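Heads up: the sequence lines are chains X and F, in that order.
Using full-length UniProt numbering, read the first sequence as starting at 1 and increasing by one per residue.
Using full-length UniProt numbering, read the second sequence as starting at 1 and increasing by one per residue.
Calculated from the structure, these hints are not laboratory results.
The structure displayed is predicted, hence computed values, not measured ones.
Check before you lean on any hint, since a few could be wrong.
Unchecked claim - Simulated crosslink set (PhoX-like; lysine-lysine; CA at most 25 Å straight-line): (1) X:Lys418 - F:Lys33; (2) X:Lys287 - X:Lys418; (3) X:Lys179 - X:Lys117; (4) X:Lys4 - X:Lys117; (5) X:Lys117 - F:Lys33; (6) X:Lys156 - X:Lys287.
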Amino acid sequence: MGWKEAAEPVLTRMPAVARPEGHVPFRRKLAWTAGILVMYFFLTNVTMFGLETQTASGDFYGQFRSILAGSAGSILQLGIGPIVTASIVLQLLGGADLLGLDTNDPRDQILYQGLQKLLVVVMICLTGLPMVFAGGFLPADQQVAQSLGVGVGGVKTIIFAQMFVGGILILFMDEIVSKWGVGSGVGLFIIAGVSQQLVAGLFSWSSLGGASGFFPTWIGIITGAVDIGSPLSPGGLSDIFLGQGQLLALFTTLLIFGIVVYAESVRVEIPLSHARVKGARGRFPVKLIYASVLPMILVRALQANIQFLGQILNNWTGLPAWLGQYSQGQVTGGLFYYLAPIQSRGDWMWFLGLTSQEPAQILVRVLVDLTFMVVGGAIFAVFWVETTGMGPESTAQQIQNSGMQIPGFRRNPQVIEKVMERYIPQVTIIGGALVGLLAVAANMLGTIGQVSGTGLLLTVSITYKLYEEIAEEQLMEMHPMMRQMFGN
Amino acid sequence: MSSGQNSGGLMSSAGLVRYFDAEDRNAIRLDPKSIVAFGLLFGVGILVLNSVAF
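So here's chain X without its partners, still in its complex pose:
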């Protein structure tokens, strides 16, 4: 029959983390979350065995690292990349309704979960194999190859095996946090990485080996240890705002924080009243960035995958000039150049001599990036809302099931759905486009610690959601009655 019957034996047997039996106390949830976080940081510091260490070949993910988590050369090399890519495929299939899975049906839920896992495993192979075997992104150590007697191919297989285990571990760590902890693993890993970069960008000092952070630089500027031009000359001003002073980056970072926290509170509230209990009222909030920040990661990951494809093809077979020209691992021309997102000021500020590209080329690239992010953001936000059960139909059903109704309307899911349809699609599209615009603007202006605009947006909004979830958890801890109300 259909694909469901054919795939059922495999999909239903995918290993899963056991669910907790009964209620998990809040403290234990926090402990699980913290434990997984520590494990994540530990694993990002374990270098893969058999990797040539002398040559720093750079990070294959490059600037995309901040949203894909993990760390270059470690066993978590792939980060959440496979999970994100698998999610893109599922969103596109689900959004276009090609799967034919009804997520309200327990049978289909099991299939959906299984399919998710299977896709992640497929993506681990699809991204991992070319990374190791095509091109020299992860060079194998000759010495290890000789002493083990397995040849370079054998060592590469060992490298891939470690990467594969790391990818699977990330998947299960996400599942543990989702089922036993607070929030989700994917969110946790993104905020962990971005926060680490932010803190380093603010406080790191030069004797640690990396670039000097914001505060140490300013202490240096004030005490005269860091040499900048006179603040009254154009050169000095440029140093303060764009160069070492990083005032523009600080401003952008704070602005993004402010906008996201503010936008979290922008919402259309639909009044509700209980059908039987008089006086029990509530509101259903349709938030401006209701569902739009997370789909952003999917748009960025799509761009990232396009760039990986370019790099791998280039390393493997070489590309014609109209497709892509590369110098030192950076794309400098051709189609792939125009498809590459603007990651920092260095990519576009031709007037400061930061890039040698023609202004017209840069303009095209910025426009392509903007279109990609704004249109892509809106489309993925709509798909996201549909596939995660936040669309008009499912929310109407939820409100109906909770015994609430919209005052002045008949108590009927179709009627509630009509009202929801006036708000949810519009708000979702506006929110998605807005977030896309913000991410591009933040990247162009630069942020503290070189966290990308998308990384910052994701981090602030995930942290905000986490805060809301923790508040809710605490409420339930204090009043066990609430637990029943929340249907836990």
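Fit chain F to the given chain X structure using the hints.
Chain F only, in chain X's frame:
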């Protein structure tokens, strides 16, 4: 507001992967503690291998 009989497995914050309540009887269930233990042992194992090889 109650979420009612919604069995859709509410999204936790930023969950790219969705987990539902429904589980198949045939599915292999893993204990979270054993996953953590495996992960740590795997990491330590690689560290040891690295230090032996160089």
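Compare the structure with the hints numbered earlier in the document and write down the numbers of the violated ones, lowest to highest. When the structure is compared with the hints, numbers 1 and 6 turn out to be violated.
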